[in-house]
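Heads up: take any position in the sequence shown, counting from 1, add 17, and you land on our numbering.
I should point out that these hints are in silico values taken from the structure, not numbers from a laboratory. The structure presented is a predicted model; accordingly, all values stated were derived computationally and were not measured. Keep in mind that a hint or two might mislead.
Unchecked claim - No more than 20 Å apart at the CA atoms, straight line, and that leaves these computed lysine to any residue pairs for SDA-like: (1) K295 x R314; (2) K34 x L227; (3) K149 x K226; (4) K195 x A224.
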Amino acid sequence: MDPGFGVYVHWPFCAAKCPYCDFNSHVRHQPVDQPRFVAAFLQEMASVGALSGPRTVTSIFMGGGTPSLMEPATVAAILDGIARHWHVPDGIEITMEANPSSVEATRFHGYRAAGVNRVSLGVQALNDRDLKFLGRLHNVEDALKAVRLAREIFPRMSFDLIYARPKQTVEEWERELKEAVSYAVDHLSLYQLTIEEGTPFFGLHKAGKLIVPDGEQSAVLYEATQEITAAIGMPAYEVSNHARRGAESRHNLTYWRYGDYAGIGPGAHGRLTAGSGKIATATERNPEAWLRLVEERGDGITEQEPLDREAQADELLLMGLRLREGVDLARWQGLSGRDPDPEREQFLIEHGFVERLGNSRLRCTPAGMLILDAVVADLACP
18 MDPGFGVYVH WPFCAAKCPY CDFNSHVRHQ PVDQPRFVAA FLQEMASVGA
68 LSGPRTVTSI FMGGGTPSLM EPATVAAILD GIARHWHVPD GIEITMEANP
118 SSVEATRFHG YRAAGVNRVS LGVQALNDRD LKFLGRLHNV EDALKAVRLA
168 REIFPRMSFD LIYARPKQTV EEWERELKEA VSYAVDHLSL YQLTIEEGTP
218 FFGLHKAGKL IVPDGEQSAV LYEATQEITA AIGMPAYEVS NHARRGAESR
268 HNLTYWRYGD YAGIGPGAHG RLTAGSGKIA TATERNPEAW LRLVEERGDG
318 ITEQEPLDRE AQADELLLMG LRLREGVDLA RWQGLSGRDP DPEREQFLIE
368 HGFVERLGNS RLRCTPAGML ILDAVVADLA CP
């Protein structure tokens, strides 16, 4: 199975910083010089394209930040640039993240005309109390308007919800999930609220002013999520992602199947097969510092690390075990040069954390997904 080649473009600006978010997003109170940033994106594409060599793109993803703050002309210029530096077949998946608060019908039509055919909406909750708690700028009415517009304009859509919110019950979450599906979505990304260091929520949590569900409560909510989504025809195909058959995110599957992808823009990461092996790339996170680097030398890359075969095997395991389809063992063995330790594997199988799919694949069970990091560490250990 060819995991494909994706292009990820990071738009780093937001209208406001959410208190739970540790993504590379920045608020600017003056208008962003979009033409200048477009020119830098195109320049960095040329540099990354020289690293990757000629490739056929299987998916494009514009993330952030809030990409829906871009003008449609900016999106069109970025997509035209990608097509100049790599081969982009007709009809591939082109996704843009959007926040309901920045959605306008004319803007959505402009994105569609530019080539976007899938939108991912950051809805996050379907009640106004929790949207306010999460620091979102939209309310439920805004969110549903955005959902309706997206369904009318784009062939495919997804939206995000955050659960394991303070005092959230399983019954409340079940009602919210069923409501989400009623809006004719074919893909949902469902994330547990996590307290990330460096965010406002981290300080509140440390001071005892923000109480979130403990590990046991979170596990109950996670298990309920799997049961509810399976029953309504949107089972998990990855730890946090659920879709009707055929509606899985092609771009994210490239990540989880450990394919190559080019990372363009401030704070973007990439994995490229170049020259004698695979390299990991990362760019400067600060938007203005990234811009200066690109204008001075042609790219904003600050890290370009060769990955040896053992490191690649570890990354393949880490990403692939997130998927319901699991990991291709022959590929992992080819990179690591060894078989899984039979005693460790047997221990994990006997305790119901992993299972074999024939002789060719290994995957986590639902119980194993709850302790995924520990399972990966156990299997990766030589």
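**Prompt:** Going through the earlier hints one by one, which of them does the structure break, listed in rising order?
**Reply:** 1, 4
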